[in-house]
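These protein sequence lines map, in sequence, to chains A and B.
Using the numbering used here, you'd call the opening residue of the first sequence number 1 and step up by one each time.
Using the numbering used here, you'd call the opening residue of the second sequence number 1 and step up by one each time.
These are computed hints drawn from the structure, not numbers from a lab.
Predicted model, so just to flag it, every value in this text is computed and none were measured.
A couple of the hints might just be wrong.
[What the hints assert, rightly or not] Lysine to any residue pairs mimicking SDA-like chemistry, simulated, CA-CA at most 25 Å apart:
#	chain 1	residue 1	chain 2	residue 2
1	A	LYS94	B	CYS84
2	A	LYS26	B	GLN103
3	B	LYS12	A	GLU158
4	B	LYS26	A	LEU163
5	B	LYS277	B	GLU189
2 protein chains.
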Amino acid sequence: MDISGRIETTLKAAMTAATIHSAPPKLAGAMKHALFPGGARVRPQLAMAVALACGDDAPELSNATAASIEIIHCASLVHDDMPCFDDADLRRGKPTVHVAFSQPLALLAGDALIVLAFDVLARAGALAPARLAGLVGTLARSTGMPGGICAGQGWESECEVDLSAYHRAKTGALFVAATTMGAMAAGREPGPWIELGACIGEAFQVADDLRDALLTEAELGKPVGQDAIHARPNAVAQLGVAGAVSKLHEILGGALASIPACPGELALREIVRLQAKRLTPVEFAQYAA
Amino acid sequence: MDISGRIETTLKAAMTAATIHSAPPKLAGAMKHALFPGGARVRPQLAMAVALACGDDAPELSNATAASIEIIHCASLVHDDMPCFDDADLRRGKPTVHVAFSQPLALLAGDALIVLAFDVLARAGALAPARLAGLVGTLARSTGMPGGICAGQGWESECEVDLSAYHRAKTGALFVAATTMGAMAAGREPGPWIELGACIGEAFQVADDLRDALLTEAELGKPVGQDAIHARPNAVAQLGVAGAVSKLHEILGGALASIPACPGELALREIVRLQAKRLTPVEFAQYAA
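With the rest of the complex left out, here is chain A (with noise of 0.2 Å):
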C-alpha cells in the first residue's frame, strides 16, 4: 500500500473505534466531519516519509505515529475555527465544525480528537513498548506547553510576544514531531530529524502567509486575509511580497541540505523537492526578486 493509503486505512480504522453504534451520533458526526475528507495530509506524509527513510521496521507503528499527527492538527482546527479564535465559517471549502454541528460539539470533538490521537498510539505502541514513551511524549509536547501547538496560539493573548518562539510553536511544532516521531516510530535517535522538521514547517508557514495574503476565498477553501485582520506576526508583512517568496526558496534549500544519511535518504529527498514545489505554486512565482 501507497503513503497515502496507510495513513487514510489507519485514520479510516481509529475513527471507526472511536464512532461505534454505542457513542453520541452528532459527536461521533463531528469528530468525523473534521478529520475526513483530510486536507493535503502534509504532516503525516512527512512522517511516513521519514519512517520509511530510517527503514520502517514497525510499519504499524510507523502508521500509528503518522495519522497521531494528524489527527491532533485536525483537532487544533476545529478549535482554531471556533468563534472565540478566528471565528471561520469555512474549512477546506466546507462549514467549520461548529457552523455544521453546534459550539458545544466543536469543543467536545476537538478534545476527543486530542486524546484519540494518543489511543492510536498506545494501541500500536502495545508492539514495541520501548518506543512508545518517546512517541507520546513527543507528541504531547508538540501538542501542549511550554512550546507546542497550544502555546503557539497562546501567545496570541500576550501584548509582547516572543515572535520566534511563537512561529516555532504555533507551526513549526508539529512538522518538527512529523520527522522526530517518523525516526522514533522506525526505532531511530530523533535529534538529526529536527532540522528538517524546523524547515519545512518554518517553509510552510511562510507559505501559508504568502497564500493568506494572495489568493481568493475560492482558491483557498477557507476566509483570507486573516492575518491582516487579526493583526498577527507575518512574513509578508514584515519582509514583502517578493521577500517572503525568497525566504520560502532559502528555507526549503536548508530543508534538503539537513537530511541526515539514511537507507531512505534519495526517496526521501524526493518527497521533500515534492512537497517544496506544491509549496510554491506558480502563482508565487511572479512576485520573485
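Starting from the structure of chain A, add chain B where the hints point.
Then chain B, alone, in the frame of chain A:
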C-alpha cells in the same frame, strides 16, 4: 510522604515543566488557575489507594497515573464551565478560567492540560515501558469516545439519550480509570478493579445530584440547581431526595463488596469507607427514607 503529598508534588512538578519561562505567561497562569488549589482530589486519591493496595512497586508510575487522571478532570471542568456549556462563573469558590482569563485562554488551557496528562504518563512510563501502553490507552478511552467523559458530555447534545451510557461515561469513566489505572501502575490486571470504580463513580454522581438540589451556592462554591435549569437527567428528579439518599447507601455497599483480594485490602476498605462518609454529609441524613 502521604498520598496527598505525593499527588500535589507530582502535579506541581508537571505544571512547572509545562510553564517554564519560555511559555506564554497568561496561558501558563490559566493552567495553574485550573489545577491549583485543587478540590478534594478524589480521583487521584482513589488511584493511589488502589496502587498502594496492589503493592505500589513503581511509585513514580503510581504518582504519574494519579496526577494524569486529576489533570484530565481539571481540564474537563475548564471546558464544561465555558459559555457554550454550563456558562458557570464560579468553581471551587473562585472565578472560572474563562472569567478570570478569557474564552480563548480557557479553551487552550483545557487542551494543554489534556496533553499534559499524557506527557506526565510518558515521562514516568519510560521507567516501566511494558505498563505504558495500557495506561495511555485507558486514559485516552476514559476521556474520549466512544465511552469517556467527552462522550458523556456529547450525550447532552442528543434528543434521545442512552441514560446508562450517559452516566457511565460522564462521571463513571474517570473513576473506573482511577481504579483500573491504579492497579495497572502497580503491574496488576485492570479487570477486577472495574466494579469498584463504577460503584464509586455512580455514588459520586448521586451525591452530586443531591448537592445540586439541596445545597446553596455558598456551601457548594459553584452555581446550584444546574441540573434542573438544563433539564439534565439526575437521581433526585428520578427517585426523589429520600430515594436518592437510599440509592447512595446501596451503591457504597456495593463498592465495598467489590474490592478484590489484594495485599492492601484492609487499608483500601478503610479509605473507601472514609470516602463514603464524605459523600454523604449530615445534611443528607435527614432526608433518608
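Comparing the hints with the structure gives:
1. Using a Cα cut-off of 25 Å, the hinted pair A/LYS94 and B/CYS84 holds, with the two alpha carbons roughly 22 Å apart.
2. Of the pairs offered as hints, the one joining A/LYS26 and B/GLN103 holds, with about 24 Å between alpha carbons and a cut-off of 25 Å not exceeded.
3. Distance restraint check for B/LYS12 and A/GLU158: the Cα-Cα separation of roughly 24 Å lies within the 25 Å cut-off, and the hinted pair is therefore satisfied.
4. Only pairs whose Cα atoms come within 25 Å are accepted, and B/LYS26 paired with A/LEU163 is accepted, the gap being roughly 16 Å.
5. In summary, the hint linking B/LYS277 to B/GLU189 is not supported, as the alpha carbons are separated by about 28 Å, beyond the 25 Å threshold.
Going through the hint list in order, the structure does not satisfy hint 5, though it satisfies all others.
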